[in-house]
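As you go down the protein sequences, you meet chains U and R in turn.
Note that UniProt numbering numbers the first sequence so that position 318 is 318, with each residue one more than the last.
Note that UniProt numbering numbers the second sequence so that position 479 is 479, with each residue one more than the last.
Just so you know, these hints were derived from the structure itself, not from any lab.
Just so we're clear, the structure is a prediction, and the values are computed from it rather than from any experiment.
Every clue listed holds true.
Copies of the same chain look alike in the list, so a pair counts if it fits in one copy or across any two.
Taking lysine-lysine pairs in the DSBU-like style, the calculated list, with each CA pair at most 35 Å apart, reads:
| hint | residue 1 | residue 2 |
| --- | --- | --- |
| 1 | Lys475 | Lys232 |
| 2 | Lys458 | Lys180 |
| 3 | Lys431 | Lys76 |
| 4 | Lys180 | Lys431 |
| 5 | Lys99 | Lys180 |
There are 2 protein chains.
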Amino acid sequence: MLRGLAAYNRLGNKNPTFKLVACYSTAGQRRQGKIYESASDAVADVKDGSKILFGGFGICGIPEKMIEALKQKGVKNITGVSNNGGVDDCGLGVLIKQKQLSKVIGSYVGENTELVRQYLAGELAVELTPQGTLAEKIRAGGAGIPAFFTPTGYATLVQQGGAPIKYDKNGKVTVSSAAKPVQSFNGRNYVMEESIFADFAFVKAQKADPLGNLIFNKSARNFNAPMCRAAKITVAEVEEIVPVGAISPDEIHVPGIYVKRIFKGTNYNKRVERLRITEPKQNGETAAETSPGQALRERIARRVALEFRDGMYANLGIGIPVLSSNYIPQGMNVMLQSENGILGLGPFPTKDQVDPDLINAGKESVTVMPGAAYFGSDESFAMIRGGHVDLTILGAMEVSATGDLANWMIPGKLVKGMGGAMDLVAAPGTKVIITMEHNARDGSPKILESCSLPLTGKGVIDLIISEKAVFQVEKGVGLTLLEFAEGYTVDDIAACTGAKFSVSPNVKPMAQISV
Amino acid sequence: MLRGLAAYNRLGNKNPTFKLVACYSTAGQRRQGKIYESASDAVADVKDGSKILFGGFGICGIPEKMIEALKQKGVKNITGVSNNGGVDDCGLGVLIKQKQLSKVIGSYVGENTELVRQYLAGELAVELTPQGTLAEKIRAGGAGIPAFFTPTGYATLVQQGGAPIKYDKNGKVTVSSAAKPVQSFNGRNYVMEESIFADFAFVKAQKADPLGNLIFNKSARNFNAPMCRAAKITVAEVEEIVPVGAISPDEIHVPGIYVKRIFKGTNYNKRVERLRITEPKQNGETAAETSPGQALRERIARRVALEFRDGMYANLGIGIPVLSSNYIPQGMNVMLQSENGILGLGPFPTKDQVDPDLINAGKESVTVMPGAAYFGSDESFAMIRGGHVDLTILGAMEVSATGDLANWMIPGKLVKGMGGAMDLVAAPGTKVIITMEHNARDGSPKILESCSLPLTGKGVIDLIISEKAVFQVEKGVGLTLLEFAEGYTVDDIAACTGAKFSVSPNVKPMAQISV
Numbered sequence: 001m002l003r004g005l006a007a008y009n010r011l012g013n014k015n016p017t018f019k020l021v022a023c024y025s026t027a028g029q030r031r032q033g034k035i036y037e038s039a040s041d042a043v044a045d046v047k048d049g050s051k052i053l054f055g056g057f058g059i060c061g062i063p064e065k066m067i068e069a070l071k072q073k074g075v076k077n078i079t080g081v082s083n084n085g086g087v088d089d090c091g092l093g094v095l096i097k098q099k100q101l102s103k104v105i106g107s108y109v110g111e112n113t114e115l116v117r118q119y120l121a122g123e124l125a126v127e128l129t130p131q132g133t134l135a136e137k138i139r140a141g142g143a144g145i146p147a148f149f150t151p152t153g154y155a156t157l158v159q160q161g162g163a164p165i166k167y168d169k170n171g172k173v174t175v176s177s178a179a180k181p182v183q184s185f186n187g188r189n190y191v192m193e194e195s196i197f198a199d200f201a202f203v204k205a206q207k208a209d210p211l212g213n214l215i216f217n218k219s220a221r222n223f224n225a226p227m228c229r230a231a232k233i234t235v236a237e238v239e240e241i242v243p244v245g246a247i248s249p250d251e252i253h254v255p256g257i258y259v260k261r262i263f264k265g266t267n268y269n270k271r272v273e274r275l276r277i278t279e280p281k282q283n284g285e286t287a288a289e290t291s292p293g294q295a296l297r298e299r300i301a302r303r304v305a306l307e308f309r310d311g312m313y314a315n316l317g318i319g320i321p322v323l324s325s326n327y328i329p330q331g332m333n334v335m336l337q338s339e340n341g342i343l344g345l346g347p348f349p350t351k352d353q354v355d356p357d358l359i360n361a362g363k364e365s366v367t368v369m370p371g372a373a374y375f376g377s378d379e380s381f382a383m384i385r386g387g388h389v390d391l392t393i394l395g396a397m398e399v400s401a402t403g404d405l406a407n408w409m410i411p412g413k414l415v416k417g418m419g420g421a422m423d424l425v426a427a428p429g430t431k432v433i434i435t436m437e438h439n440a441r442d443g444s445p446k447i448l449e450s451c452s453l454p455l456t457g458k459g460v461i462d463l464i465i466s467e468k469a470v471f472q473v474e475k476g477v478g479l480t481l482l483e484f485a486e487g488y489t490v491d492d493i494a495a496c497t498g499a500k501f502s503v504s505p506n507v508k509p510m511a512q513i514s515v
Numbered sequence: 001m002l003r004g005l006a007a008y009n010r011l012g013n014k015n016p017t018f019k020l021v022a023c024y025s026t027a028g029q030r031r032q033g034k035i036y037e038s039a040s041d042a043v044a045d046v047k048d049g050s051k052i053l054f055g056g057f058g059i060c061g062i063p064e065k066m067i068e069a070l071k072q073k074g075v076k077n078i079t080g081v082s083n084n085g086g087v088d089d090c091g092l093g094v095l096i097k098q099k100q101l102s103k104v105i106g107s108y109v110g111e112n113t114e115l116v117r118q119y120l121a122g123e124l125a126v127e128l129t130p131q132g133t134l135a136e137k138i139r140a141g142g143a144g145i146p147a148f149f150t151p152t153g154y155a156t157l158v159q160q161g162g163a164p165i166k167y168d169k170n171g172k173v174t175v176s177s178a179a180k181p182v183q184s185f186n187g188r189n190y191v192m193e194e195s196i197f198a199d200f201a202f203v204k205a206q207k208a209d210p211l212g213n214l215i216f217n218k219s220a221r222n223f224n225a226p227m228c229r230a231a232k233i234t235v236a237e238v239e240e241i242v243p244v245g246a247i248s249p250d251e252i253h254v255p256g257i258y259v260k261r262i263f264k265g266t267n268y269n270k271r272v273e274r275l276r277i278t279e280p281k282q283n284g285e286t287a288a289e290t291s292p293g294q295a296l297r298e299r300i301a302r303r304v305a306l307e308f309r310d311g312m313y314a315n316l317g318i319g320i321p322v323l324s325s326n327y328i329p330q331g332m333n334v335m336l337q338s339e340n341g342i343l344g345l346g347p348f349p350t351k352d353q354v355d356p357d358l359i360n361a362g363k364e365s366v367t368v369m370p371g372a373a374y375f376g377s378d379e380s381f382a383m384i385r386g387g388h389v390d391l392t393i394l395g396a397m398e399v400s401a402t403g404d405l406a407n408w409m410i411p412g413k414l415v416k417g418m419g420g421a422m423d424l425v426a427a428p429g430t431k432v433i434i435t436m437e438h439n440a441r442d443g444s445p446k447i448l449e450s451c452s453l454p455l456t457g458k459g460v461i462d463l464i465i466s467e468k469a470v471f472q473v474e475k476g477v478g479l480t481l482l483e484f485a486e487g488y489t490v491d492d493i494a495a496c497t498g499a500k501f502s503v504s505p506n507v508k509p510m511a512q513i514s515v
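Start from the sequences, fold in the hints, and give me the full structure.
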């Protein structure tokens, strides 16, 4: 029975000198089955104009050997699909510096100044896509789904069209994004997004077996996992090739069917984009003097912390939201999600604990708590978009009385991308809290009847917490003042707020979690 | 930094006497965090009329303790979403026997005679859904995707509507399926399918930690994995609860965020639906005499085997397709996919190797080859629909000159369901080979100008192999006779074929793989 299959047994020995006969592929390179000798062999048939998926999040889990090989090869006019644009001298930045890319499809490109320069100078097209939509477009491409509906980006530039993709040399927009179809399901509006499928997917995994089965390490799984499935030719560079059978069939992250080529990279130059360290506390150390700005941020954070509940899952944006996690009460369990693929985020590492394969969505070195889980970006945003995260907290440039949020773009100024923000606020069933200073630096209100900046989400906010006030936002009701800070009157709040609001019959002084 | 999170450390000890304080939930049952004491506690708040997802494939990986608890509880009017209907006295069959279900949504219900009786007697609604579409509808429900497009089922009853869902007592159809929207992408037509989200998901996993992180065993992962994500309340029954931190964050199949309740089941009564055993060969044993029918099947299988290529991934239907794997040449590696979640299917087990958690899509006990991988049903059909399986081989009742296939339904006769067949043939890029006896038992042709039976797929066939002939099917060209068996003339083939065909200039005798 199934006799022919027994041939695989020959690969199943524990001796890693594989018995496959070496042969020459169509591209001419020497290889053994799926195993290639080097990065340059594995990318030998990439042609000018190819569309390539690049795994990684920031510079974590990037296929650095293949990027270097593409630089050496000098192919041009590449469309690169990558969540980020790397940094100037690392990751996708290496190819951008060499002007080998004509287009980047990603969610956040702010860390690469050369990319932004080329974009604004009309040398590079940039198609900004919400991070979760990007992950799902890739997942769909691999899964034979040509299009799907998502709540993300509805009633924003992403859906309405008009986002600049390409400028000319004089800074005039020559290509802008098209409007996308909208359809209503169960009384809610959704955007139709089409899938992404590429010529190549270049991914980085921790280990592979000769059949191409892959295992990733920690948060280096990120976009690598869905990208494996969405290209004609997927090439995985790995740190270790183990014999067939050495990986348990229950533990494989990506089955070999998706992977056409593998090679072992050496001397990995893994960097941490934002190294953050927990310094061990010195005996007798006291809290540093806090600045007025710091005190204001702490006040907001201590109010936010009252929203945590035992057993809750939360995603916290950079800044005040993360700060609020300092005030989670002892004994209360709140599990933090990081959209690059972590559930159970822990504190920053000590120097010895730093692992370049373990970063948060802010690209900072982190640790995880016992019981944590790692997953790919497609799973992470399925979790977010599906409303499984109870609470999302993030900052804002402007908010409106109807719950609109603007926090990703100032037209005419630098556009870095929306990252995962549009997905985080779009999930029905997830409570969205906005934390921000009540007024802009020039004193103008940030809470408005309607936002003037391009939206991140329409009607998505549940609660606004500033240093001066707490507003509830309700559909069909608008703003209700629940609390205001000591030293202010309702009239003071009205004077510095650009939208009408009701005052709750139970309005009270702004609460603070006890420390 | 992130101080509150440190509370989780208390759960991270290796001592499984958890420190969480016991408390009473809204439903009144005693529990510790997510851990419930029993199945009856865990399902205490299920109400009449609930929509429930039941994990499992056939009776492999079913939540048997919760099914028993629901039987004891006696809730009625349940809509059960389950790939299969179990068998008469096991799995979902237990609840069907008690008439606790008013509707079943599944892909194949043929193993349960009582289910079919209730369906035809107007006592039970049955909504048949292609297996891959069912898995993707559930995956989408969990991922916040209200609808998606799939090639599966286009131009069949599934898309055109009219499939009987409910009969009255007199056998008249009172509810039939609605037509579904169609849209074209890249020149191909796709069906829009809406997602499934339920009140409860009842799943069976191998082990859990107190945070609800889950690990499945082998092919018992199947529908359990996607179902965890697509319900308001997911309850997992497990064979083992391990301490927090005992499962590596890289090895978790379903993160705890999706799982609200867990309990440990005991005395699992796992059954194998179709026990198949490889008997060790006796010395001097010779091949049994073969019947004429057997010889015919062997002839087809030996022709089919010529289509295998080294390194290929294939999905083989029950019968002649599976038989063809006996003839895969020594030294050629063909990796077999089984749509219930296996890549790298091996031969039937010896008596000692039988594992009820390891079955193929035909519900037979199997083994796997070294380098195999297990995955959930959503991943399995993403693989299939995405065209990653190179070859799919299955049987037919009728085929047409334009490549239409009919192999799942005879109107007025018993309808068992399409299982995964519609998904398997719909994938663009996958070669579809049909193996069948050239003529029906009454001698009538099965190769026709157009099919009279409801279609499994439209224009999906690439090659037809019967005991008499091999036809190529090409879009816009139709049938071309490539080979015919010894003892026949082209005129003979024409006489027993119900469609016109061209004869290849290179037409030759029907080839057979050498044994």
